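*Asks:* Let's have the full structure, built from the sequences with the hints guiding it.
If you read the sequences in order, they're chains A and B.
All residue numbers for the first sequence refer to our numbering, where the first residue is 49 and numbers rise by one.
All residue numbers for the second sequence refer to our numbering, where the first residue is 49 and numbers rise by one.
Hints are computed from structural coordinates only; laboratory data are not their basis.
Treat the hints with care, since some could be wrong.
Unchecked claim - Only pairs whose alpha carbons sit at most 30 Å apart, straight line, appear in this in silico DSS-like list of lysine-lysine: (1) A:320 - A:251; (2) B:238 - A:238; (3) B:238 - B:251; (4) A:320 - A:102; (5) A:238 - A:144; (6) A:102 - A:144; (7) B:144 - B:320; (8) B:144 - A:238; (9) A:320 - B:238.
These figures come from a predicted structure and were not determined experimentally.
Number of protein chains: 2
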Amino acid sequence: MRLPARVTVVDVSPRDGLQNEQARITTAQKVTLVNLLSAAGMSMIEAGAFVSAKWVPQMADTAEVLAAIERRPGTRYAALAPNVHALDRALATGTKDIAVLAAASETFSRRNTNQSIDESLATIRTVCERALAAGLQVRGYLSTCFGCPYEGDVDARRVGELTRTLLDLGVFEVAVSDTIGVAHPGQVWKVLDAITAHASLSKVALHFHDTRGMALANVLAGLQAGVTTFDASCGGLGGCPYAPGAAGNVATEDLVYMLHGLGIETGIDMDKLLAAATFASNRIDHALTSRYFHASRAVRR
Amino acid sequence: MRLPARVTVVDVSPRDGLQNEQARITTAQKVTLVNLLSAAGMSMIEAGAFVSAKWVPQMADTAEVLAAIERRPGTRYAALAPNVHALDRALATGTKDIAVLAAASETFSRRNTNQSIDESLATIRTVCERALAAGLQVRGYLSTCFGCPYEGDVDARRVGELTRTLLDLGVFEVAVSDTIGVAHPGQVWKVLDAITAHASLSKVALHFHDTRGMALANVLAGLQAGVTTFDASCGGLGGCPYAPGAAGNVATEDLVYMLHGLGIETGIDMDKLLAAATFASNRIDHALTSRYFHASRAVRR
Chain A
49 MRLPARVTVV DVSPRDGLQN EQARITTAQK VTLVNLLSAA GMSMIEAGAF VSAKWVPQMA
109 DTAEVLAAIE RRPGTRYAAL APNVHALDRA LATGTKDIAV LAAASETFSR RNTNQSIDES
169 LATIRTVCER ALAAGLQVRG YLSTCFGCPY EGDVDARRVG ELTRTLLDLG VFEVAVSDTI
229 GVAHPGQVWK VLDAITAHAS LSKVALHFHD TRGMALANVL AGLQAGVTTF DASCGGLGGC
289 PYAPGAAGNV ATEDLVYMLH GLGIETGIDM DKLLAAATFA SNRIDHALTS RYFHASRAVR
349 R
Chain B
49 MRLPARVTVV DVSPRDGLQN EQARITTAQK VTLVNLLSAA GMSMIEAGAF VSAKWVPQMA
109 DTAEVLAAIE RRPGTRYAAL APNVHALDRA LATGTKDIAV LAAASETFSR RNTNQSIDES
169 LATIRTVCER ALAAGLQVRG YLSTCFGCPY EGDVDARRVG ELTRTLLDLG VFEVAVSDTI
229 GVAHPGQVWK VLDAITAHAS LSKVALHFHD TRGMALANVL AGLQAGVTTF DASCGGLGGC
289 PYAPGAAGNV ATEDLVYMLH GLGIETGIDM DKLLAAATFA SNRIDHALTS RYFHASRAVR
349 R
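*Replies:* Shown next as structure tokens:
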């Protein structure tokens with residue numbers, strides 16, 4: 049079985065994780081979490097989002113977080129900046145990395161961003177032009193690539209076309225996302241196959257939520273297809289399998305345990321990663337979903 | 049990616065699941081659980097164990113359970129019978145299927161069964177001779193095939209040799225088990241490769257605990273290697289990821305969701321399987337670990 053020698057892990061816990069947590073996390077605590085993830089050797093950390101504080105209160109202090117974190121050489125720090133106003137806020141912080149967001153499902157796009165897919169692509173075009181001119185690197189998320197909560201099935205060919213469009217607009221990679229956690233490995237192969245008709249898989253990251261427990265099997269399928277970048281959330285932050293509709297990203301510890309077991313380098317120090325998860329665990333109001341995290345604590349006892 | 053067209057799922061929740069639950073489950077409730085699993089179309093159900101009621105109180109009424117269940121044509125009902133005394137108790141119930149138990153790690157064998165591996169094989173030889181003479185089918189478990197809580201690494205060649213030995217003693221298949229849930233897909237390929245030097249994979253089942261969240265990735269690895277039988281526990285019964293040392297089998301619902309997604313037939317009706325998990329969920333004192341179970345309930349709300 050041919051697998052990549054090295055994989056890039058993008059930890060999205062300070063954004064995709066925390067934005068789904070109910071507990072109030074202070075700015076200082078967010079800074080500590082990002083610093084612990086840096087210390088663990090993460091290549092990229094999504095540190096926050098420039099979005100409406102009214103709709104996503106947990107992200108209200110992203111500018112302060114970006115201003116206060118220690119920037120480790122070798123780690124990139126991104127923030128979601130889904131529109132021109134958000135880009136202006138991001139530019140004011142001096143950040144070098146932003147992320148933009150489109151959806152592969154028309155209904156999800158309208159409900160989530162109040163824009164059609166075409167309208168959101170027009171927004172992304174403007175954001176990318178200005179961000180690239182300012183020397184920023186832009187990452188693209190493509191949500192609902194494996195299923196939509198409103199429309200059900202999503203056409204894999206559409207995912208391939210939209211991946212190409214986002215790359216043409218200037219994003220350096222597209223995080224092909226299973227927003228509602230319905231994907232299974234067969235679908236991963238199908239979608240990646242559709243993408244390869246339009247783009248190199250070196251430009252694709254996979255972003256799995258573990259709603260139905262498939263995330264790591266899907267990662268294995270992605271590795272076998274040649275994908276070398278995967279998103280994950282420290283501790284599985286943002287997810288609680290027993291709360292309706294709230295299922296987080298695959299836990300970074302579980303992902304890294306599998307990758308290291310497969311002999312794949314990540315540059316991540318597991319003990320330091322567990323230190324980050326332990327810190328996060330003590331700041332939220334429920335148990336983390338990372339299975340490796342709990343197994344490692346049980347073994348120590 | 050070549051995958052089998054059909055897979056056999058063995059639901060071990062009435063035994064490996066319930067024996068690790070603290071809540072008191074009545075005989076009638078166990079019978080209902082087995083009947084619901086039968087109705088879901090399960091090919092084999094491990095319905096109980098003839099073991100010491102002092103050490104495993106939850107299994108004290110296995111004879112009564114076996115006497116009361118409805119036997120669906122097409123479903124086999126097994127009980128663990130690890131020694132001659134247990135076999136006598138099993139024979140008295142008229143059951144047609146038993147399971148025996150060996151370990152791939154010497155220390156685990158001594159601590160778990162109070163016998164060396166060679167002594168346990170001698171026991172299994174006697175049990176198999178008598179069981180086969182009585183027309184029973186015998187399944188073999190081989191525990192700690194991917195790691196031992198006392199010894200750490202386990203030699204894959206030893207797993208291959210012991211699989212052959214168990215088959216030679218008369219078991220119809222060997223459930224190669226990751227007792228402590230440490231396996232990752234690379235190890236699955238390595239162990240299965242070592243087994244193929246001694247036995248056909250058509251005689252091998254894989255039995256994963258989901259302690260570190262790897263179970264379904266490991267199943268995918270096993271499917272790709274050609275294994276067509278997998279153990280699982282309805283609802284993930286027996287496991288609680290937040291309790292030290294207690295991590296259950298992979299949940300049957302999560303396994304079946306992945307298999308059906310891959311286009312693999314199981315003969316299992318997911319809605320009826322969820323009915324069994326719902327019944328189990330209402331009888332235990334914590335949330336089930338099956339992610340698909342919770343996702344399906346969230347979607348219904």
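*Asks:* Hint by hint, note whether the structure agrees.
*Replies:* Status of the hints after comparison with the structure:
no.	hint	result
1	A:320 - A:251	holds, 28 Å
2	B:238 - A:238	holds, 27 Å
3	B:238 - B:251	holds, 17 Å
4	A:320 - A:102	violated, 34 Å
5	A:238 - A:144	violated, 34 Å
6	A:102 - A:144	holds, 26 Å
7	B:144 - B:320	holds, 25 Å
8	B:144 - A:238	violated, 43 Å
9	A:320 - B:238	holds, 29 Å
The structure does not agree with the numbered hints 4, 5, 8 stated previously, though it agrees with the rest.
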